[in-house]
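As you go down the protein sequences, you meet chains X and A in turn.
Here my numbering is used: the first residue of the first sequence is 1, the next is one more, and so on.
Here my numbering is used: the first residue of the second sequence is 1, the next is one more, and so on.
No lab work stands behind these hints: they were computed from the structure.
Just so you know, not all the hints are guaranteed correct.
[What the hints assert, rightly or not] Just so you have them, the derived chain A footprint on chain X, three or more residues with Cβ under 8 Å: (1) 94 to 107; (2) 162 to 168; (3) 185 to 194.
Ideal Cβ positions, reconstructed from N, Cα and C, are used throughout, including at glycine.
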Amino acid sequence: MDATEVGLWGVPLAILGGAIRVSTPFIFVSLGEAITERSGRINLGLEGTLVFGAMAAYAVAVMTNSPWLGLIAAAGAGLCFGLFHGWICKFPKVNDIAIGIALMLFGSGLAFFFGKPFIKPKAPNLPAIPFGGWSDIPQVQAALDVNVLFLIGAVLSVILWWAFRNTRAGLIVRVVGDSSDAARAMGLDPDTVRLLATGVGGALAGIGGAYLSLYYPGSWTERISSGQGLMAVALVIFARWNPLGCFAAALLFGGAGALGPALQSVGVTQGYYLFYAAPYILTLIIMIATSSPTRSLAGAPGELSITK
Amino acid sequence: MSGSVRKAVGVETIGMTMRFGGFTALDAVSVKVSAGSFHALLGENGAGKSTLVKCMMGFYHPTSGDILVDGREVKIASPRDASALGLGMVYQHFTLVPSLTGAENLVISREKVPGIVDWRKERGDLAVFMERMPFKLPLDVKVAELAAGEKQKLEIIKQLYLGRSFLVLDEPTSVLTPGEAQEVLGLVRAMTKAGDLTVLMISHKFHEVTAFADDVSVLRKGKLTGTGRVADLDHKAMAAMMVGDQPIAALDSRATPKPDAEIVLNVRSLKAPDRTGLKSISILDLGVRSGEIVGIAGISGNGQKEFLEVLAGQRPREAGEVLVRGLAYAATRAEARALNVRLIPEEPLKNACAPKMTVAENISFRTFDMDGNGRPVNWISASAIRAFGARLVEQFKVKTASLSSPIASLSGGNVQRAVLARELTGEVDLLIVSNPCFGLDFSAVAETRARIMKARNAGAAVLLMSEDLDELLELSDRIFVMSDGALVYETPIAGASVQTIGEHMAGHH
Numbered sequence: 001m002d003a004t005e006v007g008l009w010g011v012p013l014a015i016l017g018g019a020i021r022v023s024t025p026f027i028f029v030s031l032g033e034a035i036t037e038r039s040g041r042i043n044l045g046l047e048g049t050l051v052f053g054a055m056a057a058y059a060v061a062v063m064t065n066s067p068w069l070g071l072i073a074a075a076g077a078g079l080c081f082g083l084f085h086g087w088i089c090k091f092p093k094v095n096d097i098a099i100g101i102a103l104m105l106f107g108s109g110l111a112f113f114f115g116k117p118f119i120k121p122k123a124p125n126l127p128a129i130p131f132g133g134w135s136d137i138p139q140v141q142a143a144l145d146v147n148v149l150f151l152i153g154a155v156l157s158v159i160l161w162w163a164f165r166n167t168r169a170g171l172i173v174r175v176v177g178d179s180s181d182a183a184r185a186m187g188l189d190p191d192t193v194r195l196l197a198t199g200v201g202g203a204l205a206g207i208g209g210a211y212l213s214l215y216y217p218g219s220w221t222e223r224i225s226s227g228q229g230l231m232a233v234a235l236v237i238f239a240r241w242n243p244l245g246c247f248a249a250a251l252l253f254g255g256a257g258a259l260g261p262a263l264q265s266v267g268v269t270q271g272y273y274l275f276y277a278a279p280y281i282l283t284l285i286i287m288i289a290t291s292s293p294t295r296s297l298a299g300a301p302g303e304l305s306i307t308k
Numbered sequence: 001m002s003g004s005v006r007k008a009v010g011v012e013t014i015g016m017t018m019r020f021g022g023f024t025a026l027d028a029v030s031v032k033v034s035a036g037s038f039h040a041l042l043g044e045n046g047a048g049k050s051t052l053v054k055c056m057m058g059f060y061h062p063t064s065g066d067i068l069v070d071g072r073e074v075k076i077a078s079p080r081d082a083s084a085l086g087l088g089m090v091y092q093h094f095t096l097v098p099s100l101t102g103a104e105n106l107v108i109s110r111e112k113v114p115g116i117v118d119w120r121k122e123r124g125d126l127a128v129f130m131e132r133m134p135f136k137l138p139l140d141v142k143v144a145e146l147a148a149g150e151k152q153k154l155e156i157i158k159q160l161y162l163g164r165s166f167l168v169l170d171e172p173t174s175v176l177t178p179g180e181a182q183e184v185l186g187l188v189r190a191m192t193k194a195g196d197l198t199v200l201m202i203s204h205k206f207h208e209v210t211a212f213a214d215d216v217s218v219l220r221k222g223k224l225t226g227t228g229r230v231a232d233l234d235h236k237a238m239a240a241m242m243v244g245d246q247p248i249a250a251l252d253s254r255a256t257p258k259p260d261a262e263i264v265l266n267v268r269s270l271k272a273p274d275r276t277g278l279k280s281i282s283i284l285d286l287g288v289r290s291g292e293i294v295g296i297a298g299i300s301g302n303g304q305k306e307f308l309e310v311l312a313g314q315r316p317r318e319a320g321e322v323l324v325r326g327l328a329y330a331a332t333r334a335e336a337r338a339l340n341v342r343l344i345p346e347e348p349l350k351n352a353c354a355p356k357m358t359v360a361e362n363i364s365f366r367t368f369d370m371d372g373n374g375r376p377v378n379w380i381s382a383s384a385i386r387a388f389g390a391r392l393v394e395q396f397k398v399k400t401a402s403l404s405s406p407i408a409s410l411s412g413g414n415v416q417r418a419v420l421a422r423e424l425t426g427e428v429d430l431l432i433v434s435n436p437c438f439g440l441d442f443s444a445v446a447e448t449r450a451r452i453m454k455a456r457n458a459g460a461a462v463l464l465m466s467e468d469l470d471e472l473l474e475l476s477d478r479i480f481v482m483s484d485g486a487l488v489y490e491t492p493i494a495g496a497s498v499q500t501i502g503e504h505m506a507g508h509h
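Let the sequences and hints guide you as you build the complete structure.
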């Protein structure tokens, strides 16, 4: 079969491939945000954490020539950002949303500052596994070239889904997120649990950033993130705080994000820019569809400041 | 430790004193709760009941005084110490986590929870434990979906599951139907009789104390004013110990209702979504006549709140009509003013006041933008607001430091007096009231009820929603029961029976 014969089939194929490629940062950021929000706090700073994670990963990968060390650096940086957010929010009358916005700008700014020298050099990429080897169509091969982080993200979402019901840590996070009073009555300290949950959430967001700079698009620039960190917050609400839902929603957002490039690749020359906006339009539609003036969101953690 | 039921322990306080700065919350209180007894603790709000039990539970450290558990002096420095001694408390506000199932709630509240929970084993253990429990409960349902009575039972079961054998119950029946209250207290009573449990129950319902308790202790203003066998005391004696010799407002005698009086409020085939949006409330036909009180009974969460919000204009309706004096009523300010509709929602500080604004301003909310003749004014007169506030504060005996104190600094009873002053001044044709006495002390309750009865006798149509059945029986001319969003039962007061009403509240019909 000739490669050009794929024709219009190229669009769904490119969307599938794009969904897998583009969704990975969404998966990690949304899983991180799901953990944080399940503990009763919202961290809007993950966008900044993502950008800083991307820079940290790239810089360390350039210097050590190991993408994995870069990944660890990104997770560490994310952890620090998360812990910082959690620590500030521990003080009375601090608004977690305002702190999140401040940290979002702070993280991006800091990343630009430290990232300047790393715009030029080339870092080694994270490895991908070619699942498309059985086919000789290049589009299929391209679509099924799956990065290991995507697979880790998929496994992680199942593990988290299981852990929220079957582990002590998971149950404790849910208790704290649903009722501070009940948590205190059990002798748990809600602030500590939220601090750790925000820290873990930040680390996952940092990993999402590492994926951006070390695989797709695969280089460090100041415009590396196009709002994935913020959209992930919408995505968590859409997924009803369920890790499996986060994974599915991330794929959906990834597919929407791949629509523009896919149309471009089959030769649509006009108007495809509009489709680049698909993820943002999807975010808007989801926010409108899931909101209601008269009822509260089903499944929302009771202590979350946006649903109180 | 899961599931071991220890033998009951007795607890005794000796000369317990607790001072917060210059304020003495407890003054040398000595109470003896013997092992295996059912002891009632009576007192008004602020009498020191919760301070006393919080000292027992290790939440507070008493200024002086000792605690004996089973006759031995012990030091209880934290709730953890209390639970190690087998002392537990069931709070008035549930401490269960709503989005977790009953089983998850029980397991996570244990002191030692394994890192990975083996649900197969836990379920087996729980089934064995529940065999020995007097209550049967579904443990695989989210707590949020349980009825209030079931939650209360689960709270008690949780304490027993944790191995507690001395339980403090803080007003355990305030959210239950009469039937549920009977059942829960009866079963707890049976456990004390069997010697498995000692109970200290905080209550203000005399009939519960008489029916279930062995002994009673009464607190007033931090002092122990009486203690003894329940069998030796009647309600009057207990009330005297509770309130001392302060005067209690008496209820006006009920003016004879006129059956052909004008129907002031008329609600027809009303439909509105409830707060989850999943169910809806539906009121087919409800009429309230001038000069009568129509009571609506029901367990909280059966749509009364939503119904009130529709009447108050806070919730949109999907269908149906609300008529006041035959005119469509959408609860705008102009309509409320023209038709003399007044509203006393529950939790008045939250729902009927601007907490940080002053007492005078809050009292003037209905009138501040009108002059003496009811015409709108452009310049608000601060002195007129103060004068109006001063007059009403005087008239309704609102105790406040000054007219310009924020209303949030007043006690619950005085906030309610201020709201009553605002709502009951001037012509009142329709009065909509919800849980007016929740959390008020004895004299404020009596006064609030007397005011509502006065408004009725003066010709107002009163719609009274309450979770307190005693209140409804005392005030209403007719009683409806609201269950699952609909009015399911109606009875004139003469034929009202607590049992039948309770059954309809529980949805057993």
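For this session: Could you tell me which of the hints above the structure violates, numbers in ascending order?
Result: 1
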